[in-house]
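Participant: Using the hints, position chain R against chain C.
There are 2 protein chains.
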Amino acid sequence: MARVGVRLDANGRVAARERLLDATSALLGERDTLDISLNEIAARSGLNHGLVNYYFKGKEGLLLALLERDAARALSELEHLVGQNMPPLTKLELHIRGVINVYFRYPYINRLINVLQSGNADMARELARIFIAPLQKFQARIIDECLRAGDIGFVDPTLFYYTVIGACEFLFHSRNTLPYLSGPPEITSKLKEDYADHLVRFLLDGLKIRSEQPA
Amino acid sequence: MARVGVRLDANGRVAARERLLDATSALLGERDTLDISLNEIAARSGLNHGLVNYYFKGKEGLLLALLERDAARALSELEHLVGQNMPPLTKLELHIRGVINVYFRYPYINRLINVLQSGNADMARELARIFIAPLQKFQARIIDECLRAGDIGFVDPTLFYYTVIGACEFLFHSRNTLPYLSGPPEITSKLKEDYADHLVRFLLDGLKIRSEQPA
Numbered sequence: 001m002a003r004v005g006v007r008l009d010a011n012g013r014v015a016a017r018e019r020l021l022d023a024t025s026a027l028l029g030e031r032d033t034l035d036i037s038l039n040e041i042a043a044r045s046g047l048n049h050g051l052v053n054y055y056f057k058g059k060e061g062l063l064l065a066l067l068e069r070d071a072a073r074a075l076s077e078l079e080h081l082v083g084q085n086m087p088p089l090t091k092l093e094l095h096i097r098g099v100i101n102v103y104f105r106y107p108y109i110n111r112l113i114n115v116l117q118s119g120n121a122d123m124a125r126e127l128a129r130i131f132i133a134p135l136q137k138f139q140a141r142i143i144d145e146c147l148r149a150g151d152i153g154f155v156d157p158t159l160f161y162y163t164v165i166g167a168c169e170f171l172f173h174s175r176n177t178l179p180y181l182s183g184p185p186e187i188t189s190k191l192k193e194d195y196a197d198h199l200v201r202f203l204l205d206g207l208k209i210r211s212e213q214p215a
Numbered sequence: 001m002a003r004v005g006v007r008l009d010a011n012g013r014v015a016a017r018e019r020l021l022d023a024t025s026a027l028l029g030e031r032d033t034l035d036i037s038l039n040e041i042a043a044r045s046g047l048n049h050g051l052v053n054y055y056f057k058g059k060e061g062l063l064l065a066l067l068e069r070d071a072a073r074a075l076s077e078l079e080h081l082v083g084q085n086m087p088p089l090t091k092l093e094l095h096i097r098g099v100i101n102v103y104f105r106y107p108y109i110n111r112l113i114n115v116l117q118s119g120n121a122d123m124a125r126e127l128a129r130i131f132i133a134p135l136q137k138f139q140a141r142i143i144d145e146c147l148r149a150g151d152i153g154f155v156d157p158t159l160f161y162y163t164v165i166g167a168c169e170f171l172f173h174s175r176n177t178l179p180y181l182s183g184p185p186e187i188t189s190k191l192k193e194d195y196a197d198h199l200v201r202f203l204l205d206g207l208k209i210r211s212e213q214p215a
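Here the protein sequences come in this chain order: C and R.
Be aware that the first sequence starts at 1, since it is given in my numbering, and climbs by one per residue.
Be aware that the second sequence starts at 1, since it is given in my numbering, and climbs by one per residue.
Source of the hints: derived by calculation from the structure; they are not laboratory data.
Don't take each hint at face value.
When the alpha-carbon atoms are kept at most 20 Å apart in a straight line, the in silico DMTMM-like pairs for lysine to aspartate or glutamate are as follows [unchecked claim]:
id	chain 1	residue 1	chain 2	residue 2
1	R	208	C	35
2	C	208	R	151
3	R	208	C	122
4	C	208	R	122
5	R	190	C	156
6	C	192	R	156
7	R	59	R	40
8	C	59	C	30
9	C	57	C	30
10	C	208	R	205
11	R	208	C	156
12	C	208	R	93
13	R	192	C	22
14	C	208	C	144
15	R	208	R	145
16	R	59	R	122
17	R	208	C	151
18	R	208	C	144
19	C	59	C	22
20	C	208	R	156
21	C	57	C	151
22	C	190	R	156
23	R	208	C	145
24	C	208	R	40
25	C	208	R	145
26	R	208	C	197
27	R	192	R	93
Next up, chain C with everything else stripped away, as it sits in the complex:
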């Protein structure tokens, strides 16, 4: 869990590396683009911009480190959920709501993933290693619990991953076009909750009307 904690320097202050990540996170959260300059990051953090190169070997490395930090927090919450003693179907529902909350909390995360994903092969491999593979692993464990409890029919965990994450991320991914479509022009807390309810119902129960009476 060391990666999740905040590193302090010898004087107990938040270390420069963390301050650069915090500044980048704050700037990305305020804007609709990843185009922030090293000078802006330096100004926000109160540090020399040369430190970005020192700690991260440039902006791409800084963005990857930020994703790694955000992903570690989200994955640690998911790991906690997997270990809980509760009905497997409730875990599955909480997981879906959790994914939506991560995208809501870090509005820049899908943009970050997109850029890293469409970059070079090294970046794609890093992204798979730090985020996608662990996420798939935790999902597969929840699915397996649901299956063994007899709650759900068989589902391929890999295809499940693309369905759930794709459906969650696309709403946030699309926010620039929201003002030009029917519905709310931005992602409010209410839209986020409505979407979570919709998705949970959709994924668990499907669209078709069930012919049986409620139990």
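Facilitator: Structure of chain R alone, referenced to chain C:
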């Protein structure tokens, strides 16, 4: 339907504008990036690269025109489907399979949408106008038919859009990371079909085991 047809010049040859779009489509289909140069487009089409500026006012305009052409073809197929005389639930299934086929046929389309979507507000509005709004409209008609037939429970058409398109596009969106995860390292025809089967079952029936006997 004029937009969908191929424009010919006075001598019956495919017009220069179409040849530039065809060359761009072919190049984008071969590569994993939108970074193709005007010189490459010129060489592939056998035309002077100044014509890109003449017809499209630059590369961004060319990419938007290409998306508009691909979208028009896909939307025209969807319009045809909506007008068919068949059970509404079958239309819904064929629509979901159709969306996956569009992403399979135009492997560059999500990259194109991403770039345009994260661009300036004019581009986002154009994207909403030429693609997203008409797609939502056709989907809402199919959903309404299913509802009136008593086949499905209520579903918000806008949220449905984000769920279905997001789940479809994410598989294709993620193809750079596929080699580093379990499962096939690339999107084969079989993976595409498996995903379509999975998604149709997921969206229509949901994950939960139904307690009633099959009818």
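Participant: If a hint holds in the structure, say so; if it does not, say that too.
Facilitator: Verification of the supplied hints:
Pair hint residue 208 of chain R plus residue 35 of chain C does not hold up; C-alpha atoms about 43 Å apart against a cutoff of 20 Å. Distance hint between residue 208 of chain C and residue 151 of chain R is fulfilled; the C-alpha atoms sit about 6 Å from each other, no more than 20 Å. With a C-alpha separation of about 39 Å, the suggested pair residue 208 of chain R and residue 122 of chain C falls outside the 20 Å cut-off, and the hint is violated. Taking the CA atoms of residue 208 of chain C and residue 122 of chain R, the gap is near 39 Å; set against the 20 Å cutoff, the hint is violated.
Taking the CA atoms of residue 190 of chain R and residue 156 of chain C, the gap is about 14 Å. The hint holds against a cut of 20 Å. Taken as a hint, the residue 192 of chain C and residue 156 of chain R pair is honoured in the structure, with Cα atoms around 14 Å apart against an allowance of 20 Å. A threshold of 20 Å between alpha carbons decides the hint, and for residue 59 of chain R with residue 40 of chain R the separation of about 12 Å falls inside it, so the pair holds. Under the criterion of a C-alpha separation no larger than 20 Å, the hint pairing residue 59 of chain C with residue 30 of chain C is consistent with the structure, at around 18 Å.
Simply put, residue 57 of chain C and residue 30 of chain C have alpha-carbon atoms about 24 Å apart, too far for the 20 Å limit, and the pair is violated. Among the hinted pairs, residue 208 of chain C with residue 205 of chain R is consistent with the structure: their alpha-carbon atoms are about 6 Å apart, no more than 20 Å. Distance hint between residue 208 of chain R and residue 156 of chain C is fulfilled; the C-alpha atoms sit about 14 Å from each other, no more than 20 Å. A hinted pair counts as satisfied when its Cα atoms are at most 20 Å apart, and residue 208 of chain C with residue 93 of chain R qualifies at roughly 12 Å.
Annotation: proposed proximity of residue 192 of chain R to residue 22 of chain C is violated, straight-line Cα distance about 40 Å (limit 20 Å). Under the criterion of a C-alpha separation no larger than 20 Å, the hint pairing residue 208 of chain C with residue 144 of chain C is inconsistent with the structure, at around 24 Å. Between residue 208 of chain R and residue 145 of chain R, the direct Cα distance comes to roughly 25 Å. Violation of the 20 Å bound is thereby established for this hinted pair. For the proposed pair residue 59 of chain R and residue 122 of chain R, the alpha carbon gap of about 15 Å is at most 20 Å, so the pair holds.
Among the hinted pairs, residue 208 of chain R with residue 151 of chain C is consistent with the structure: their alpha-carbon atoms are about 6 Å apart, no more than 20 Å. This hinted pair checks out: residue 208 of chain R and residue 144 of chain C have alpha carbons roughly 13 Å apart, not beyond 20 Å. Simply put, residue 59 of chain C and residue 22 of chain C have alpha-carbon atoms about 14 Å apart, close enough for the 20 Å limit, and the pair holds. A hinted pair counts as satisfied when its Cα atoms are at most 20 Å apart, and residue 208 of chain C with residue 156 of chain R qualifies at roughly 14 Å.
Taken as a hint, the residue 57 of chain C and residue 151 of chain C pair is broken in the structure, with Cα atoms around 48 Å apart against an allowance of 20 Å. Between residue 190 of chain C and residue 156 of chain R the CA atoms are separated by roughly 14 Å; this keeps the pair inside 20 Å, and the hint holds. Straight-line distance between C-alpha atoms of residue 208 of chain R and residue 145 of chain C comes to about 13 Å, which keeps the hinted pair within the 20 Å bound. As the CA atoms of residue 208 of chain C and residue 40 of chain R are separated by approximately 49 Å, the hinted pair breaks the 20 Å bound.
Proposed proximity of residue 208 of chain C and residue 145 of chain R is supported: the alpha carbons are some 13 Å apart, at most 20 Å. At most 20 Å may separate the alpha-carbon atoms for a hinted pair to count; residue 208 of chain R and residue 197 of chain C meet this at roughly 16 Å. Straight-line distance between C-alpha atoms of residue 192 of chain R and residue 93 of chain R comes to about 15 Å, which keeps the hinted pair within the 20 Å bound.
Of the numbered hints stated above, those contradicted by the structure are hints 1, 3, 4, 9, 13, 14, 15, 21 and 24, listed in ascending order.
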